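Enquirer: Next come the chains, spelled out residue by residue.
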Amino acid sequence: MRVMAQMGMVMNLDKCIGCHTCSVTCKQAWTNRAGTEYVWFNNVETRPGQGYPRRYEDQEKWQGGWALNKRGKLVLKAGGRVSKMLGLFASPVQPELKDYYEPWTYDYKTLIDAPLGDDFPVARPKSLITGKDTKITWSANWDDDLGGSPEMGHLDPIIEKLRRESEDTIKLEFEKTFMFYLPRICEHCLNPSCMASCPSGAIYKRVEDGIVLVDQDKCRGWRQCVTGCPYKKMYFNHKTGKAEKCTFCYPRIEVGLPTVCSETCVGRLRYLGLFLYDADKVTEAASVTDPQELYDAQMDVLLDPHDPAVMAAARAQGIQDDWIDAAQRSPVYALAKVYKVALPLHPEYRTMPMVWYVPPLSPVVDLLKEQGHDAEDYGNLFGAIDALRIPVEYLAELFTAGDADRVTAVLKKLAAMRSYMRGISLGNDPDDAIPAAVGMEGQEMYEMYRLMAIAKYEERYVIPQAHMEQAHDLEEMGCSLDFDGGPGMQDSPFGEASGKPVPVAIETFNALRDRQTSDSVAGEQSLRGRVNLLNWDGNGAPQGLFPEKRDEPQMSADSPAHGGGRAGPSPDAAGPSASSSGASGNPADNAPGAIAREE
Amino acid sequence: MDILLWGVLPYVMMVVLVGGLIWRYRYDQFGWTTRSSQLYESKLLRIGSPVFHFGLLAVIAGHFFGLVIPMSWTKAVGMSQEFYHFNALFVGSVAGVGTLGGILLLIYRRRTTGPVFMATTRNDKLMYVVLTAAIVFGLWTTLASVFLGGEGHNYRETVSPWFRSLFIFQPDIAAMATAPFAFHLHTLVGMLLFTIWPFTRLVHAFTAPLHYLFRPYIVYRSRDKGRIAGRVVAAPVRRGWSAVGTRDRDTRNK
Chain A
147 MRVMAQMGMV MNLDKCIGCH TCSVTCKQAW TNRAGTEYVW FNNVETRPGQ
197 GYPRRYEDQE KWQGGWALNK RGKLVLKAGG RVSKMLGLFA SPVQPELKDY
247 YEPWTYDYKT LIDAPLGDDF PVARPKSLIT GKDTKITWSA NWDDDLGGSP
297 EMGHLDPIIE KLRRESEDTI KLEFEKTFMF YLPRICEHCL NPSCMASCPS
347 GAIYKRVEDG IVLVDQDKCR GWRQCVTGCP YKKMYFNHKT GKAEKCTFCY
397 PRIEVGLPTV CSETCVGRLR YLGLFLYDAD KVTEAASVTD PQELYDAQMD
447 VLLDPHDPAV MAAARAQGIQ DDWIDAAQRS PVYALAKVYK VALPLHPEYR
497 TMPMVWYVPP LSPVVDLLKE QGHDAEDYGN LFGAIDALRI PVEYLAELFT
547 AGDADRVTAV LKKLAAMRSY MRGISLGNDP DDAIPAAVGM EGQEMYEMYR
597 LMAIAKYEER YVIPQAHMEQ AHDLEEMGCS LDFDGGPGMQ DSPFGEASGK
647 PVPVAIETFN ALRDRQTSDS VAGEQSLRGR VNLLNWDGNG APQGLFPEKR
697 DEPQMSADSP AHGGGRAGPS PDAAGPSASS SGASGNPADN APGAIAREE
Chain B
605 MDILLWGVLP YVMMVVLVGG LIWRYRYDQF GWTTRSSQLY ESKLLRIGSP
655 VFHFGLLAVI AGHFFGLVIP MSWTKAVGMS QEFYHFNALF VGSVAGVGTL
705 GGILLLIYRR RTTGPVFMAT TRNDKLMYVV LTAAIVFGLW TTLASVFLGG
755 EGHNYRETVS PWFRSLFIFQ PDIAAMATAP FAFHLHTLVG MLLFTIWPFT
805 RLVHAFTAPL HYLFRPYIVY RSRDKGRIAG RVVAAPVRRG WSAVGTRDRD
855 TRNK
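Chains A and B, in that order, are what the protein sequence lines are. To convert, note that position 391 of the first sequence is 537 in our numbering; the numbers rise steadily by one, no gaps. To convert, note that position 234 of the second sequence is 838 in our numbering; the numbers rise steadily by one, no gaps.
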């Protein structure tokens, strides 16, 4: 037994309202750079739907993940080492930008710069890839909320499969029946096929917390990982020519903070915590013949952190006591293995994913309500779950390789919890028959309710900090003197995207030194025309802080922005200012300005 | 002049190539990439790139055969001059035409596909000019070696001895000087190509991932220096991370 720790995540899909806050905050934090415009480390898909990139689940086409060969040995679905090497010069199965979408921006400048005329200026969409005018035909979320599903619903690979199996009898029933959201990040798998596909060996799994990362120095852009990942959560940065992926916000995790997507989640549906697993058993577990048994195999790999033998083995592997303690309090372990309500996404890819999902019960509840039933009664709910074959089978294709019974069992647990807690809330005696119907104790069900419904911050996120003896490295202090040329700014002959990245400590050191020792505006030379507002001490106005001044900067009716050159009062100019002063709710402050403009 | 061209320049080229590669490897790991444009366009690349690369591998093998292996050796195993030349012409032409066709297709793709052209730097354009010139002149010498002056030119008596003599630091300048102009031109352009090599995207060739055939599938690395899976390892490692190809469960299980 070789015990290793793994950071995991559970998402409770019942709570996801599809607001995309996680996607947006993640993008702002990690992929708002040139070359990663189309990259969404976190995206939220509406299911049924095609997902992102389109139809990524169709592994017959994309060849992601692992498969068993004829001898029952685990091999990459896209081919072995030799065939990967032969395909190096042009990756045989590679999503193109059109499978994602062509990122764009708008020509906002026209709105301001357009000469006065009869027509309103229009901000045309401009491609961020070619810089030319473009037509927007798809995006990261084009089919959000089942948009276009009458035309495109059949393109969902899971619907396609279910329809084939049921011979079209349920045509379009999906769209009428249910809809839910599926937020996706990198699965940080125990058996990652991206890593196995990487010719350079640049992708690695951290021993301490199992986070899968790409070494940007070692990556040579062979792009085999994009093919290898069945979830298509490996992205190719087309500016740097390197692969990038979800980092599980490791700089935050190391200091005990939840990931950005979790922290900003409006529905508070994400849970973070540790798993302890047996690294020696992973390959064996991923090689189980029947795909529907992969779930059980994955369960067996996860170790019970309360087991003294496991604890002793963990200590022998150098896992500290506070980490073992965190593993014992781990909400993700509780949801996945104790309560068994969280399921892995697509276990049939054989990658042993470590981001888990509590399947949604809400479609069932909503349907019962609409039909006028008591949607909180567990008898009704159980019956409905059994009757609603379509959503259950759909969920089973996502989470259990098609094993509908397993999904039913989870949904019944959720239904029982709902019903049981309603009884208690109404002041009735707890009805222990309800938890018993799903094989649970009353107390256990109450604890599950606390974790899932109350979901306190410190119960949702149990993240042990990286150890103090490593703190120096985390702050980059241990390496600042090792840095080439010592603490000094360097300019790369290949431009900013080349050379070794400047450690943050050194960039800050230089910025502060500039600021303290110079009379001029801080950062003017060293930041190459960019403005770092954090370093601005009010000493003058750095270049680029404000747009360049025009000849007549005063706020007056003569200003060019308000139709300069025209005599008399300008209704165009007065309109917006009057309405904005009204909206601000403080007319006294704005009134003089408004009057001045009207005059 | 001959001394400068065939006695000095080759060594300057070697110094720049080796020194440049070492410097770039140490300094610019992040810029060391294929800079693939497959994301933008795949159809033409799927044809052009393998044709070009595999053609190039054959060309390299041909250069090795022609330049490194002395004529006396091939004679010793009973290979006649005619047989050698026929092979060189046949295989060399196929490989050369393939390489040239491949790169022309890739250049056409680069020019006509908007996003790919946008992503082309000046460095790339210079590199393409030199690379294409080297291939074109090389193909010319292949033909010249057979048809020039009626019965062709036997470069294995001029260029090859000079090439081998470079490595023992006693360049046989006289031999090279007697070779025809086409060979001089190809050699010079070739040297220019190797001189700019370390500073272009061509560096990716020097990190061809052959170790992929042997490394374990799953790679673990520790955040902590000098510690892998809880065990202390002796070798010092790069800052923050231990090296690629650390022990993993696949090798441990065996």
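Take these hints with a grain of salt, some might be off.
[Said to hold, decoys possible] Using C-beta positions, here's what the derived DEER-type ranges look like: (1) B:ARG630 x A:ALA260: 20 to 28 Å; (2) A:LEU232 x B:LEU625: 23 to 31 Å; (3) A:LYS272 x B:PHE669: 20 to 28 Å; (4) B:LEU625 x A:ARG475: 48 to 56 Å; (5) B:THR725 x A:TRP284: 23 to 31 Å; (6) B:THR725 x A:ILE163: 39 to 47 Å; (7) A:GLN438 x B:ASN691: 36 to 44 Å; (8) B:THR725 x A:LYS272: 17 to 25 Å; (9) A:LYS244 x B:ILE772: 32 to 40 Å; (10) A:ASP442 x B:LEU625: 47 to 55 Å; (11) A:GLU694 x B:TRP627: 53 to 61 Å.
Derived from the structure by calculation, the hints contain no laboratory data. Here the structure is a predicted model, which is why all the values come from computation and not from measurement. Beta carbons: idealized from backbone N, C-alpha and C, even for Gly.
Enquirer: At the C-beta level, are THR725 of chain B and TRP284 of chain A separated by a distance inside 23 to 31 Å?
Expert: Given range 23 to 31 Å: holds, Cβ gap about 29 Å.
Enquirer: Return holds or violated for the Cβ distance of GLU694 of chain A and TRP627 of chain B against the range 53 to 61 Å.
Expert: violated, 41 Å
Enquirer: I want to verify a distance hint. Is the separation of the beta carbons of LEU625 of chain B and ARG475 of chain A within 48 to 56 Å?
Expert: At roughly 52 Å between Cβ atoms, ARG475 of chain A and LEU625 of chain B fall inside 48 to 56 Å, so the hint holds.
Enquirer: Take the C-beta atom of LEU232 of chain A and the C-beta atom of LEU625 of chain B, compute their distance, and say whether it sits inside 23 to 31 Å.
Expert: holds, 26 Å
Enquirer: Okay, ARG630 of chain B versus ALA260 of chain A on CB: inside 20 to 28 Å?
Expert: violated, 52 Å
Enquirer: Do the Cβ positions of LYS272 of chain A and PHE669 of chain B conform to the proposed distance bound of 20 to 28 Å?
Expert: violated, 53 Å
Enquirer: Can you tell me whether the CB distance of GLN438 of chain A to ASN691 of chain B sits inside 36 to 44 Å?
Expert: violated, 58 Å
Enquirer: The hint says 32 to 40 Å between LYS244 of chain A and ILE772 of chain B; measuring C-beta to C-beta, is that right?
Expert: Between LYS244 of chain A and ILE772 of chain B, where Cβ atoms are some 56 Å apart, the hint is violated.
Enquirer: Lying within 47 to 55 Å: is that true of the beta-carbon distance ASP442 of chain A to LEU625 of chain B?
Expert: holds, 52 Å
Enquirer: For THR725 of chain B and ILE163 of chain A, compare the CB-CB distance with the range 39 to 47 Å and indicate the outcome.
Expert: 45 Å Cβ-Cβ, so the 39 to 47 Å window holds.
Enquirer: Assuming the hint says 17 to 25 Å, is it satisfied by the Cβ distance from THR725 of chain B to LYS272 of chain A or not?
Expert: Taking Cβ atoms as reference, THR725 of chain B and LYS272 of chain A lie about 21 Å apart, which means the hint holds.
Going down the numbered hints, you'll see the structure goes against 1, 3, 7, 9 and 11, while the others check out.
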